[in-house]
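Asker: Using the hints, position chain B against chain A.
Number of protein chains: 2
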Amino acid sequence: MAASTPVTRSRTPGAATGSRPGGRSARVRAAVHRAVEELLAEEAGDGLTIPVVAARAGVHATTLYRRWGSVGELLADAATSRFSGEVVVPDTGSLRGDLERWAADVATDLADPDVLALIRATLGAAGEQGACACRGDREDQLAAMIERERARGGAVPTVERAADALLGPLYYRAIFTGEPGSPDWARGLVNLLLPA
Amino acid sequence: MAASTPVTRSRTPGAATGSRPGGRSARVRAAVHRAVEELLAEEAGDGLTIPVVAARAGVHATTLYRRWGSVGELLADAATSRFSGEVVVPDTGSLRGDLERWAADVATDLADPDVLALIRATLGAAGEQGACACRGDREDQLAAMIERERARGGAVPTVERAADALLGPLYYRAIFTGEPGSPDWARGLVNLLLPA
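Residue numbers (my numbering), protein chains in the order written: chain A, 12 to 207; chain B, 12 to 207.
One chain only, chain A, in its complex shape (with noise of 0.2 Å):
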């Protein structure tokens, strides 16, 4: 998955980043994520422990248990890497455009087995702050999207209710049905948030 260039992606919040983006500090973050990344498409999430990470990093237990201190946080720093900055905000010139081809996305993203392996395991692993960090910066996209329709005049829901009417559905198929939704039930969607 696109964590595997997690470099360039700093504004990422909670980010373990370092300070000199391409330095080996961002290597080694690099090489972490990627190996959890691995880990978890092997199945082995049951097994996930900093020293298993480790080996298969190639880097000493000791640097990951001075950066991340625990599997949990080293998880949700692997989760926000890979939910923050993700999908790229549609400008379709109007708001229901907008939602459609966002909304689509987000499916497509949350039917990628490793990206279900990696929600399912940061939020075993690191509770609460994990799971906050697997929403990622997607409530402020959607803030984003509707902002710009109100700046054109527009009538606009709330971002909470939009959260609750896309994101909701979205997380909840793919999490806890084991059957995603596909991208045109996702845009079937946002008929529930803006009726026509």
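What the hints contain is simulated information worked out from the structure, not anything from laboratory work. Model, not experiment: these values are computed from the prediction. Cβ atoms here follow ideal geometry from the backbone N, Cα and C, with glycine treated the same way. Some hints here could point you the wrong way.
Each pair of labels, with its calculated beta carbon distance range [said to hold, decoys possible]:
no., chain 1, residue 1, chain 2, residue 2, range
1, B, Gly80, A, Gly165, 36 to 42 Å
2, B, Val63, A, Gly69, 28 to 34 Å
3, B, Gly69, A, Arg35, 27 to 33 Å
Derived, one-sided and incomplete: chain B residues facing chain A with beta-carbon distance under 10 Å [said to hold, decoys possible]:
no., residue
4, Asp125
5, Leu127
6, Ala128
7, Ala132
8, Arg172
9, Ala174
10, Pro180
11, Phe187
12, Thr188
13, Gly189
14, Pro194
15, Arg198
Where chain B lies over chain A, by a calculated footprint (3+ residues, C-beta under 8 Å) [what the hints assert, rightly or not]:
no., stretch
16, 142-152
17, 180-191
18, 196-206
Answerer: Chain B only, in chain A's frame:
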């Protein structure tokens, strides 16, 4: 998990039923579920292993391995017990009234820190199987309320759409935002589904 038996699913939370309610098997299951709840409440989720649960429950670890196989299956069983048959389907005389009361009940349940800890741990350890256990029979409950309205001759949404509009935001808020919705907010969700 259901394979491991548990036979008739109890209508009471956390309670364990065996084929002989009150038999040794049921007592073991009850003790194990209680041990899981206690350990999760102590935020011992990270260290939740079969031997740790066995010690707390006062049961031989071999018994647990034989019955559940892994911590993931054990958690999925605990979640099934907790989330199935929990919320009584209301019967207020109208679909709107039923859904409002039901959504408020689900919101109250999902605001319980112990419930959130169980869901997060189950998702982390039991993957997709665990995720479905955390949804329990809530879509069946929606289906029952919708079917009753249909029998009365009313216009009804599909169960899928009702799940999107109600379970989506209920689970999303509880799990991914760290701020579970209030019962009043949950009642308001029904307006997304059934515009006035």
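Asker: Indicate, hint by hint, whether the structure satisfies it.
Answerer: Hint check:
1. Gly80/B to Gly165/A: 36 to 42 Å: 55 Å, violated
2. Val63/B to Gly69/A: 28 to 34 Å: Between Val63/B and Gly69/A, where Cβ atoms are some 32 Å apart, the hint holds.
3. Gly69/B to Arg35/A: 27 to 33 Å: Distance hint for Gly69/B, Arg35/A is violated at roughly 50 Å.
4. Asp125: With Cβ-Cβ at 13 Å, over 10 Å, it is violated.
5. Leu127: Given a least distance of 8 Å, the restraint on Leu127/B holds.
6. Ala128: 8 Å, holds
7. Ala132: Holds, about 6 Å.
8. Arg172: At 8 Å from the nearest chain A Cβ, Arg172/B passes the 10 Å test, so the hint holds.
9. Ala174: Holds, about 7 Å.
10. Pro180: This interface hint holds because 3 Å falls under the 10 Å limit.
11. Phe187: This hint holds: Phe187/B lies near chain A, its Cβ roughly 5 Å from the closest one there, short of 10 Å.
12. Thr188: 7 Å, holds
13. Gly189: 5 Å, holds
14. Pro194: 15 Å, violated
15. Arg198: At 13 Å from the nearest chain A Cβ, Arg198/B fails the 10 Å test, so the hint is violated.
16. 142-152: holds (count 4)
17. 180-191: That given contact holds, which follows from 9 residues of the stretch 180-191 of chain A lying within Cβ reach (below 8 Å) of chain B.
18. 196-206: holds (count 4)
Checked against the numbered hints given earlier, this structure breaks hints 1, 3, 4, 14 and 15; the rest are met.
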